[in-house]
Amino acid sequence: MSLLKKREVNTEEVLEVEMNKPKKKQEKKKKIDLKARWAEMRVFFPAIQIIIASLIIGGFIGWYMFMLTRSVALSVIIGVISGLVGFYVIVYIPKEIAHKQHILKELQRYTTNMTFYLQAGYNIMDALKEVKKQADKEIAEDIELTLVGLERKAILYTDHFKKYRFDALDIYHDVLNVMYQNGGNPKELFHKPNKAINFELVSSDKLYRRKKALRQKIYVMMGTSALMPFMISFQTADLYDVFLSTGITAYTICCLYVGGFLFSLYRLQKNALDITVY
1 MSLLKKREVN TEEVLEVEMN KPKKKQEKKK KIDLKARWAE MRVFFPAIQI
51 IIASLIIGGF IGWYMFMLTR SVALSVIIGV ISGLVGFYVI VYIPKEIAHK
101 QHILKELQRY TTNMTFYLQA GYNIMDALKE VKKQADKEIA EDIELTLVGL
151 ERKAILYTDH FKKYRFDALD IYHDVLNVMY QNGGNPKELF HKPNKAINFE
201 LVSSDKLYRR KKALRQKIYV MMGTSALMPF MISFQTADLY DVFLSTGITA
251 YTICCLYVGG FLFSLYRLQK NALDITVY
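Mapping of the sequence shown onto the working numbering: position 16 corresponds to residue 16, and the numbering continues sequentially without gaps.
Hints are supplied without guarantee of correctness; some may be wrong.
Pair by pair, the computed Cβ-Cβ distance ranges are [to be verified]:
hint	residue 1	residue 2	range
1	Lys-137	Asp-174	57 to 67 Å
2	Lys-95	Glu-188	38 to 48 Å
3	Ile-51	Tyr-266	33 to 43 Å
4	Ile-81	Arg-209	26 to 36 Å
5	Met-231	Arg-165	10 to 20 Å
6	Thr-224	Ile-155	54 to 64 Å
7	Trp-38	Leu-256	18 to 28 Å
In case anyone wonders, no lab produced these hints; they're calculated from the structure.
From the three backbone atoms N, C-alpha and C, an ideal C-beta is built for every residue, glycine too.
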């Protein structure tokens, strides 16, 4: 969530923290932080909605597990465990994808408006103030942080925008910093950066659409594979009963099947989030 979500937060202190953040090396393996995942989901959904949706998803997965194993206890356990995981994969990640697309377009609007005001004769600080009035709430908070740096420290701090992983935007801010320090003609300075932003946004959108089309085909294949155990259990009921009579072996295989299905869906959804073209 944004550092400036509450207005009472001292923006100068926030800027100081941001500027003094150590640049951590990328870890090879990221630990799963359940509190962080919960906080991420709470950005888009109220707690009650998360709980109700998780119960519905967990109930469906539990029912599916019962149809495979005919074990009430195991089905309840798997349903409870997979409820929140299923919500994160099925509901949250698609919402995050849509939000990311929205933010990229809002960032393009931010740079377009900045260039317009600079060409109209505004200085950088006044241009930022005008753009902030029209910006998306999340981006407006980032602009506020930059304004604090200008007003109180006379520095053009834009490193916090790098969290969006928008390379062309980083180039735009580098050029903006050059203009802040040395001046220049906004039309000439920002022609190529704006062109790069438009190109990256169009390319990201094309990549997103291609991935979406491929994802839909994979959904169909995954849905078909999910139906196969039902077909086997109904068409060869006696053979399936023999399989279930193996006890823990059968239960382990069924758990691995469901777990593998959810993991595959998770990897598929996470891959759709990566729409970086560079």
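Notebook entry, point to check: Quick one: are Ile-51 and Tyr-266 within 33 to 43 Å, going by C-beta?
Noted result: Cβ of Ile-51 to Cβ of Tyr-266: about 20 Å, so the range 33 to 43 Å is violated.
Item checked: Met-231 paired with Arg-165, Cβ distance criterion 10 to 20 Å -> violated, 43 Å
Note to self: Within 57 to 67 Å: is that where the Cβ-Cβ distance between Lys-137 and Asp-174 falls?
What the structure shows: With Cβ atoms ~26 Å apart, the hint is violated.
Margin query: Taking the Cβ atom of Lys-95 and the Cβ atom of Glu-188, is their distance within the range 38 to 48 Å?
Written below: holds, 40 Å
Next item on the list: Evaluate the given range 18 to 28 Å for the C-beta pair formed by Trp-38 and Leu-256.
Entry: holds, 27 Å
Margin query: Tell me if the beta carbons of Thr-224 and Ile-155 are separated by a distance inside 54 to 64 Å.
Written below: Because 57 Å falls inside the window, the suggested range holds.
Next item on the list: Determine whether the Cβ-Cβ distance between Ile-81 and Arg-209 falls within the hinted range of 26 to 36 Å.
Entry: Holds: the Cβ-Cβ distance is about 34 Å, inside 26 to 36 Å.
Hints 1, 3 and 5 from the list above are not met by this structure, while the remaining hints are.
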